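Peer 1: Residue numbers (the working numbering), protein chains in the order written: chain P, 80 to 307; chain L, 80 to 307.
Source of the hints: derived by calculation from the structure; they are not laboratory data. Owing to the predicted nature of the structure, the values given are computational and were not obtained by experimental measurement. One thing to keep in mind: the hints can contain errors.
If several chains are the same, the list does not tell them apart, and a pair holds so long as it fits within one copy or across any two.
What the hints assert, rightly or not - Restricting the straight-line Cα-Cα distance to at most 25 Å, the calculated cross-link-like pairs of lysine-lysine (DSS-like) are:
id	residue 1	residue 2
1	Lys-277	Lys-131
2	Lys-202	Lys-108
3	Lys-139	Lys-168
4	Lys-108	Lys-277
5	Lys-186	Lys-284
6	Lys-108	Lys-279
7	Lys-301	Lys-186
Number of protein chains: 2
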Amino acid sequence: MIKGILFDLDDTLYNSSEFVSIARREAVKSMIDAGLNVSLDEAMEILNKIIKDKGSNYGKHFDDLVKSVLGRYDPMIIATGIITYHNVKVALLRPYPNTIKTLIELKKMSLKLGVLTDGLTIKQWEKLIRLGIHTFFDEVITSEEFGLGKPHLEFFKYGLKRFGLKGEEVIYVGDRIDRDIEPAKKVGMITVRILRGKYKDMEGKADYTIKDLWELIEIVKKLREGGQ
Amino acid sequence: MIKGILFDLDDTLYNSSEFVSIARREAVKSMIDAGLNVSLDEAMEILNKIIKDKGSNYGKHFDDLVKSVLGRYDPMIIATGIITYHNVKVALLRPYPNTIKTLIELKKMSLKLGVLTDGLTIKQWEKLIRLGIHTFFDEVITSEEFGLGKPHLEFFKYGLKRFGLKGEEVIYVGDRIDRDIEPAKKVGMITVRILRGKYKDMEGKADYTIKDLWELIEIVKKLREGGQ
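The whole structure should be built from the sequences, with the hints applied where relevant.
Peer 2: Written out as structure tokens, the structure reads:
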């Protein structure tokens with residue numbers, strides 16, 4: 080019997096790839112406008128390398144970009160980039176179509192709902208609150224909080240423990256085969272892959288594949304009818 | 080001959096006391112609404128004590144408040160407070176009346192303009208950019224950047240060095256007797272106290288005392304007519 084659903088956050092409940100790409104690009108454009116003497120393409124290439132090398136939670140990407148281009152620290156240009164990034168975040172952060180409608184329907188079906196996501200705890204909560212969907216979730220679990228992230232099986236097992244449920248009682252919904260679907264399957268969860276974001280063409284198979292979150296309702300109904 | 084003007088930022092160019100007080104209060108209200116089980120008065124008392132003990136640049140005030148009230152870490156409540164604080168910042172940050180008009184007029188008088196302020200470099204730049212006044216300043220100097228803040232005379236001397244000017248060629252404008260006016264006077268600057276913010280009733284005397292930044296124009300004109 081399905082009793083709970085755990086969701087990935089980025090690119091599953093909202094369009095993270097698109098948001099991040101626009102926010103970074105607009106931030107860099109504003110920095111060029113403020114005096115960062117470089118072409119947009121070159122700046123994006125340098126920034127992407129910094130993000131790849133230092134990780135997305137590093138926190139000083141724009142500092143390093145400015146230092147790399149100008150050879151010095153320029154707080155005005157850095158602050159300009161930060162403000163633009165933040166303004167784009169406030170403007171663009173919204174759930175994928177049908178997300179809220181689906182969460183309401185799942186609540187009506189008496190399911191426990193949770194988010195199991197990589198990332199910094201406060202940053203992920205900030206996204207959930209700005210998306211207006213945080214109140215739907217009984218559990219929000221981050222890799223920062225647990226100390227280990229995806230695709231570690233311990234992280235997924237910890238999700239089950241927080242729910243107080245067994246693997247076969249829980250559906251995991253995520254966009255990535257390697258970091259969401261495979262580990263969730265290994266701990267015994269029923270897996271639903273949503274074809275969203277930059278990994279939607281990645282090879283691999285989940286128990287179910289959907290294009291829109293609303294399709295989850297039919298999957299839960301069928302599983303329950305089948306005794307699951 | 081007056082050749083430059085250095086300004087304090089908080090409570091001199093914008094209403095920092097009012098902004099911070101509203102932002103903190105609204106943030107706490109939103110945290111209570113999100114489940115922080117405490118009265119507004121009690122929460123504000125705890126928060127003010129945390130800010131006093133840890134300093135205003137500590138960065139984890141809301142974390143400590145939540146831990147103090149609930150005895151545990153609650154990222155949803157903390158993130159709620161951070162979002163509200165930020166929203167209030169975006170909404171309320173604006174210069175005092177006549178600030179921009181005065182800066183334009185001073186520029187027309189061929190004066191070098193600068194900001195000499197305590198605080199974190201990026202945060203102070205973020206304020207200047209959000210206030211829409213950063214392009215007026217030839218120099219922006221922060222205590223974080225210099226390594227020492229007000230009322231250290233070295234900090235004020237460093238301001239003169241950045242301008243390449245002598246004390247008698249520079250006016251310092253600030254709201255605080257103890258941290259702005261006295262040290263600026265000691266390094267030989269001409270001092271202008273602006274009666275703004277929570278220190279406006281503090282005892283002490285500057286060379287000039289004004290209520291509105293626009294009065295600075297007459298002071299500069301008179302000083303120049305007098306050969307200064």
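Peer 1: Could you figure out if Lys-108 and Lys-279 sit no more than 25 Å apart (CA to CA) within one copy, between two copies, both or neither?
Peer 2: Answer is neither; intra-copy 28 Å and inter-copy 41 Å both fail.
Peer 1: If the cut is 25 Å between Cα atoms, do Lys-202 and Lys-108 qualify within a copy, between copies, both or neither?
Peer 2: both (24 Å within a copy, 21 Å between copies)
Peer 1: Can you give me the call for Lys-301 and Lys-186, within, between, both or neither, at a CA distance of at most 25 Å?
Peer 2: For Lys-301 and Lys-186, only the intra-copy Cα distance (17 Å) is at most 25 Å; the inter-copy one is 73 Å.
Peer 1: When no copy is named, should Lys-277 and Lys-131 be tagged within, between, both, or neither for a Cα gap of at most 25 Å?
Peer 2: Within. Shortest intra-copy distance 16 Å satisfies the 25 Å Cα cut-off; inter-copy 46 Å does not.
Peer 1: At most 25 Å between CA atoms: does that hold for Lys-186 and Lys-284 within a copy, between copies, both, or neither?
Peer 2: neither (27 Å within a copy, 66 Å between copies)
Peer 1: Could you place Lys-139 and Lys-168 in one of the four classes (within, between, both, neither) given a Cα distance threshold of 25 Å?
Peer 2: Intra 17 Å, inter 22 Å, cutoff 25 Å: intra and inter.
Peer 1: Is it within, between, both, or neither for Lys-108 and Lys-277, if the alpha carbons may be no more than 25 Å apart?
Peer 2: Result: close within a single copy only, 23 Å intra versus 39 Å inter.
Of the numbered hints given earlier, the model fails hints 5 and 6; all others are met.
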